[in-house]
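J.: Dock chain B against chain A, hints included.
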Amino acid sequence: MSTSPANTSSNTSPGFSGPGDSGVWFFIIADMCAFAVFFLVFIAGRIANPELYETSRQMLDLRFGLANTLILLTSGAFMAQAARDAQRGLWLKSRQMMIATLITGLPFGVSKAIEWKAKFDHGLSLTTNEFFTYYFVFTGIHFLHFIIGLGVLVVLLQTATDKHKAATTRLRWIEAGGAYWHMVDLLWIVLFAMLYLLRAA
Amino acid sequence: MSVFAKRSFLPVPLVWALLVIASLASAALAEGNAAPHLGATAAILIAAVKIDLIIGQYMEVRVSHRPLRLLLAGWLAVVTLILLAGIWFA
Chain A
1 MSTSPANTSS NTSPGFSGPG DSGVWFFIIA DMCAFAVFFL VFIAGRIANP ELYETSRQML
61 DLRFGLANTL ILLTSGAFMA QAARDAQRGL WLKSRQMMIA TLITGLPFGV SKAIEWKAKF
121 DHGLSLTTNE FFTYYFVFTG IHFLHFIIGL GVLVVLLQTA TDKHKAATTR LRWIEAGGAY
181 WHMVDLLWIV LFAMLYLLRA A
Chain B
1 MSVFAKRSFL PVPLVWALLV IASLASAALA EGNAAPHLGA TAAILIAAVK IDLIIGQYME
61 VRVSHRPLRL LLAGWLAVVT LILLAGIWFA
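Chain order of the listed sequences is A and B. Heads up: the first sequence begins at 1 in this note's numbering, then just goes up one per residue. Heads up: the second sequence begins at 1 in this note's numbering, then just goes up one per residue.
The shape of chain A in the complex, shown without the other chains (with noise of 0.2 Å):
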């Protein structure tokens, strides 16, 4: 039962064919929108106001930015890996990727604390200005959800091997949680790009 591949769609959802549940995409989507309104109160603000924003903007370490996001995307690889091989039926392989998506995580926690420590050392913090209004809160609750995803993938990793469940309802739960560790992941590619990336002239 264990090694047995996984030979029907994970989904049980009548009329959704989608990986995982169409419960959590719902949730994702959701999620997904508030932080499209979070960018477009952050890019009113840089168009009010782009002198105040791009001197901000300069304030903040690139190279942390670049690392997290390399750490996140070597992560979710692990994760999409972790999905396929549960596809395949490969339960321990998915579960030994899990335990990797978990290692390679961990340090964008610990890359966030130092670099949060770094600005707070120089004096900046929610209230500096409007820039760092945003930039605390946005990354603050980005970091909640990774912290969340942190959660998820411990839960996952007993649902993996855990016999007593259909190899469908794993498969669904581990699809499902992929899908939400790939949104922290890709909501971070757009704050990157938003907090750090945009030079003005």
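Keep in mind that the hints are not guaranteed to be accurate.
One side only, chain A facing chain B, incomplete, derived with CB under 7 Å [unchecked claim]:
id, residue
1, W116
2, A179
3, R199
Calculated from the structure, these hints are not laboratory results. Each residue gets a CB set at the ideal place from its N, CA and C atoms; glycine is no exception.
T.: Chain B alone, transformed into the frame defined by chain A:
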């Protein structure tokens, strides 16, 4: 035969390598000698390509439920336009 076996995706290491190269390129472009507006525009477009890769290859939505695919494509288009507006109207 699993329905998943019929799906054709790029190998994960290849997708990862493309994403890493794109990330390094966008950082170099944004901070390089290119005109600020052009460098920033390129960085945003590269970010959009990266997200499309993640949605299609990591999330495996490419061959998935059509409404979900359209929703995510619409989200990416709107967010990309918002960010580009931040460059060209600032």
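J.: Next step is simple, just say for each hint if it's right about the structure.
T.: Here's how the hints hold up against the structure:
Interface restraint check: A:W116 against chain B, minimum CB-CB distance 20 Å, threshold 7 Å, status violated. The closest approach between the C-beta of A:A179 and any C-beta of chain B is roughly 5 Å, which is under the 7 Å cut-off, so the hint is satisfied. Annotation: interface hint on A:R199 holds; nearest CB of chain B at approximately 4 Å, less than 7 Å.
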